[in-house]
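Chemist: In order, the protein sequence lines correspond to chains A and B.
0 is the number of the first residue of the first sequence in numbering that gives the first Met the number 0; add one for each residue after it.
0 is the number of the first residue of the second sequence in numbering that gives the first Met the number 0; add one for each residue after it.
Far from chain A by the CB rule (all over 10 Å, computed), these chain B residues: (1) PRO98; (2) SER151; (3) VAL155.
Label-pair ranges, simulated between beta-carbon atoms: (4) B:GLU123 <-> A:PRO554: 50 to 56 Å; (5) A:SER36 <-> B:ARG8: 36 to 42 Å; (6) B:GLY52 <-> A:VAL442: 50 to 56 Å; (7) A:VAL398 <-> B:SER49: 40 to 46 Å; (8) A:SER599 <-> B:ILE24: 44 to 50 Å; (9) A:LEU449 <-> B:GLN90: 56 to 62 Å; (10) A:SER518 <-> B:SER49: 28 to 34 Å; (11) A:GLY517 <-> B:LEU89: 46 to 52 Å; (12) B:ILE24 <-> A:LEU507: 46 to 52 Å; (13) B:ALA15 <-> A:GLY421: 38 to 44 Å; (14) A:GLY196 <-> B:LEU11: 18 to 24 Å; (15) B:LEU172 <-> A:GLU62: 49 to 55 Å; (16) A:LEU14 <-> B:ARG96: 53 to 59 Å; (17) B:ALA15 <-> A:SER518: 54 to 60 Å.
Chain A residues, not near chain B, derived (Cβ > 12 Å throughout): (18) HIS445; (19) PRO468; (20) ASP523; (21) GLN532.
Just so you know, the hints here were simulated from the structure itself, not pulled from any lab data.
Just so it is clear, CB atoms sit at the ideal spot from N, CA and C, and this is done for glycine as well.
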Amino acid sequence: MLVELGHFALILALLLAGAQAFFGLAGPALGRERWYSAASSAATGQFVFLALATGVLVRAFIEDDFSVRYVAENSNTALPLFYRITALWGAHEGSLLLWALVLGGWTVAVVARVRFLPPAFGARVLGSLGVVSAGFLLFTLCTSDPFVRLIPAVPDGNDLNPVLQDFALAIHPPILYTGYVGFAVSFAFACAAMIEGRRDQLWARWMRPWAVVAWAFLGWGIALGSWWAYYELGWGGFWFWDPVENASFMPWLVGTALIHSIAVTEKRGLFKSWTLLLSVAAFSLSLLGTFLVRSGVLVSVHSFAADPRRGIFILGFLILMIGGALALYAWRAPRMVSQAGFELVSRESFLLFNNLLLVIAAAVVFGGTMAPLIAQTLHLGTLSVGPPYFNPSFLVPIVPLLALLPLGINARWRRGGLDGSGRRLWGSAALSLVLALALSLGVYAHPLPLTPIGALLGFWIVIASLLDPIDRLRRRLTLPASIIGMSVAHIGLGLFVLGITFVQSNTLERDIALKPGGSAELGDYAFRFDGVQNIEGPNYEGLRASVTVTRKGEPVTVLHPEKRRFFVQGSVQTTAAIADGLHRDLLASLGDDVGAGAYSLRFQYRPLIRFVWLGAFIMAVGGFIVVIGRRQRGEGWVEASARAPARNGHAPASAKGS
Amino acid sequence: MSEAVSRYRFALPLGAFLLLLIVLIAGLYHAPEKGIIASPLLGKAAPQFSLPGLLEPMPVQSSMLRGHWTLVNVWGTWCGQCREEHQTLLQIKQEGRVPIYGIDWKDDDDQARAWLSQLGNPYERIGADREGRVAIDWGVYGAPESFLVDPSGTIVYKHVGAMTPEVWQHEFLARVP
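Next comes chain B alone, as it looks inside the complex (with noise of 0.2 Å):
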């Protein structure tokens, strides 16, 4: 019996290696895709920032953010994924209820102008992040990540990847009141 008994240890490595694996599938499946990286800033006050404008000199600044409804957008024309929400961010502008901040994040300013000239702007203020500490602060994980900030400069939601009109119309607005 203590035969059969050792011969198991020896194949305990195996069940711990697919038990990882189910970690490791679970955290592909839900992570940037899906969007459902809770952020430990949910609930929480959004971190303070000042940033050189991208199209303007004045700083774009955290204190704009109060007041009204906002979507605070991290985004960088190195990144494959901001291109493809880029169409939604300009419906979001067009529908007007709520206002889009961007973050450049670790971008060139001017391939980043070359872009909106290019697409469009969908954003209200740009701030232009060179070396990526805003975002830092922000918790980003990866772009692009959007972020619902309420009147009081709480962060309220986020989402990481690209943004579509499903994921405006059910996660973001349905929060607006």
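Chain A extracted, bound-state conformation (with noise of 0.2 Å):
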């Protein structure tokens, strides 16, 4: 009976979506006002009912109501009460519920600061958001229903997938999706600024720290994602160019030219069409990953079971949201952008070239994830694309990225020339060139030939991130929580290029079958293998083997490699064991018994790998930095807000050129 509430919830969502996407756009352009709080109850509405049919689920997976078929099919008695109630998003319907529930965040979120704006502009935002919504519900309503009953119920259920029984990937969707999700509100923000043609550049100072935040989150989700692939699958690999990696990474990238475009257009007016397009590009490609994923038209290690009534529904979702906001983007544009000149070498130029990259970068990665699925159309055969074609063709507008960041960072807005001295910016790439050196040829040997470029950028990002906050401290001037966000999210990219540098170029790895007893040399260390164990668990059986492992003589940790047999899907998993520090992890994998008593066992050395994740979140930390002393200092959403109206009204054609 519960359940059947929390179905009819779903339903009463998906018609106040509905209602805030009619009320939202209806009230504005029929020039109804009292509509636009229609809008924003509805939205409040369809949350609140979202939250209470993700509630029943919930409430189901706990008390192992095996009649719901979702709950069945991914939960079990035996599993711990945590994992069952991640099991909510642990297969396809729940995502999607998941997904929607996020939305609905957002759009609270959005609702609960709508006062900021002026109101048809907010009405606008609002009823963009519903359409997104309403298509997003209709679609899980119709083709995923995650309430449907299981006649008859089974006494027990099949199990949460082994691989999402862990900690790092239990939380990762929710955090990937409000990520991902969060493009939407961008996306929202762009297609009210469209609608209404607005000339002036305010809409994107009110964008700004929603695509911020969003971006933020993503990067979190993507780390916390390919944390989780490092220790779980047990391969030492961090990131496989996967098509579901992918579809999260491409929107990323395109944020991060979004959130520097939005920066040129708040402050200076230009790039409005760049930062219009790239809004909507964000988005489309979180939609567009979510069609690839879901419709089964990509392969990928993630997904296995094809429903191409799901990818048609999907590919219609993507044409109405996606062609529609591009219509309106040739529609409306051209009258939006203004003219105004700026120097080559000043601010701007370089987050035109940051922009240009980061996008090249983005392509990049949609033709690999893309190719397979054109040469099959046209019939060129079937081709697969990994690493040898993502590897050094995602470094090809990277590294000028990289180089060009230092610069770009220190020059000036508008007038030509780099800030301060360029004496100091020139002085810290010897810096960075002389710890390059000694990192790449002295510390770790071996370079390959792109070690010390990596190192040198790494290092040059690091210290010129520091520049311009050192100068603002020593001459007592204020240091905007803008510009501490930007810095340590540069100094995050910065992190994040040395330990990629060093894990691509030093890492030593090493498959061996040895009986208890065996060692194996690695770089300064060994590893002793000391034999297996037979392990228990909740719910799997399986082996433990004791690895020693010595530095020079020096004992420096033992590794337990598992190897674990679920019972109820009888699947076998392997937990690698690992052995971290700041410098560098030491890994051990148990793998078959090759008979005689011997096993086979990969061990690996992998230097500065925190590094790649610690970097990535220092990124987003960044980010929330920049958005939270926003508020902070009443700037942003509050004084742009509280003038907005007396200039704007909320008559569109009367917004004023900038």
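Take the two lone chains, each set in its own frame, and fit them into one complex as the hints suggest.
Modeler: Set out below in structure tokens:
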């Protein structure tokens, strides 16, 4: 009964999303101001019913209600409570519900701040969000209803996919979706601005914090997913250029371009059409990612069951949303652009390069992800695209991007020339070069040709990001949060680059069959296999090996890689043992019994790999600092909007040029 | 005139999107159902494997595919379309012209055995690919998939999706001399 109530709540949420879309878009169009608040109420109601529906499903999971098919397929009485809750998004139907819930959450956040926007503009933003919500809920209800009953009920469920029974993976979807779906908000702002055909640049100011927060969450989500893949899959890799990974990485790249382009639009009124296009593109790529992952059009390690009906529905949704927004762009953007000049060596031109290179990088990923599909459509046969394509092609736009960054952040707006003395900047480059050579030739020998370059770029980005804040502190100038946040984010990028550089060029790995007592050398480290013992967990049994690691005779750690066999689904899973450290990770994973008491084992040494996730994490923190600082200084939403209604009213035609 | 040209510039993204749509739609209609995803393995030797047998303790090996025409069918109890094609597979077994070797993909052994005792067993031998490693070697896209392997162990044809009597007649048997 309760389950039917949840189902009903989901249907009500769909109806309210429809109402939100209608009142939000039709209200301003027909000049009915009362409808504006109706859109806000509908949005709030939508979220309440979505939360209710989700709550009902969570309850069904907690109480092991195996008369619900989705619960029966993804849970089990032996599953620990935490994973019974996170099993909610362990498969397709629940993931969509989570998607809708997160969008509802973002919508309510917009409702909470809508009073700071001109009423008509705010209503249009909510209306645009309503269209997205309604489409997604319709998709969920029509093709992927999580509330379908299983008659007769089964005594016990099928268990959650064992790969998903892990903390990082369990919490990664909500964070990733918060980022993914957050671009719906900047998308809605762009649509509202285009519907009004605004000539001013205030919309960029209103949109900016939303885009930055979405971008930061997406970055966290991707980093968590990569961290999970690293320690859970046990292959030692942290990025596979898998379609599902690319699906989240492309919106991040375009989102990165967007948050830089918005800055130019907000500050100088330039790049308006770029900003609009990037807002549309970031969200389109999120939707496209959903299409690619959920339709089974592309194969990936993450999905194997194809359902073309879902694909057709998502495709229709894509046509409506992306096609509609791009048509709006083609119609409205020409009248929204403004002309203003800037010098070749100015902040603006560096940000223009930043945008171009990031978009090229996204295009490289997009091309690689879509190539198998395109080849198949043109009957060129099946081809698969992997790291051999992605790694080198991705570097082509990214290396110049990184090399221009230290110059760009120290360039002045509008006027030519670099900020402060160029001498400091070149001094920092020289210092970085020394550090890079010391690290790549001294500490970590055997570099690849690109190693010193990567190290140089990483160090230079970190040091150059510190120049401006240090200079301001020394001259006792204020240090606004926007500058702190930017520096923090760029320092994060620099650390990330250092991490990638050394983990790519100085990783050592070895596969070997050992009997207990046997050992293998890996650089300075020796790994000794001490044997295996049987283990038993709540819902699995398996083997645990002991591996003692020494460095130049000194004991370092003892590793316990495991192999687990899960009772219910019978699947076997290898869990690598990792001794982590800021400067290196040591990994051991246990393979098969190769007979005569010997086991195949895999040992790895990965230097600086922690910097990859640490850097990605710090980048996102930088984004949050910018947004929080903006709010505390009363700039941004509050100040801008307090001014805005007076200037613009809610008659779009009267919007003034910049 | 330049005004007009610059206006068209803004329609470029829409045009690019429409092109992409064509690819997506074509991909959707070509892909899983029609089973014409050409495999890079066509015309090449079937990937080697050795899997634990699902019903007998003896392993199922790629060497068993030599010396006669075989149908290699990738299936799993979790896959809805596999249930649909099961009847056709049983008919193929009755025909007796081509033996079917099954790869039970990412499945639970007990469930798989229950499925076979319930629906009948069309397979000559079944290997349990519990971790899906063999399926990766075979370039399996999604269950079910069927491969026609000639006596020299070369993959001659691949069908993605449920096997039907029509597909069996026109695409598979037509290739068997």
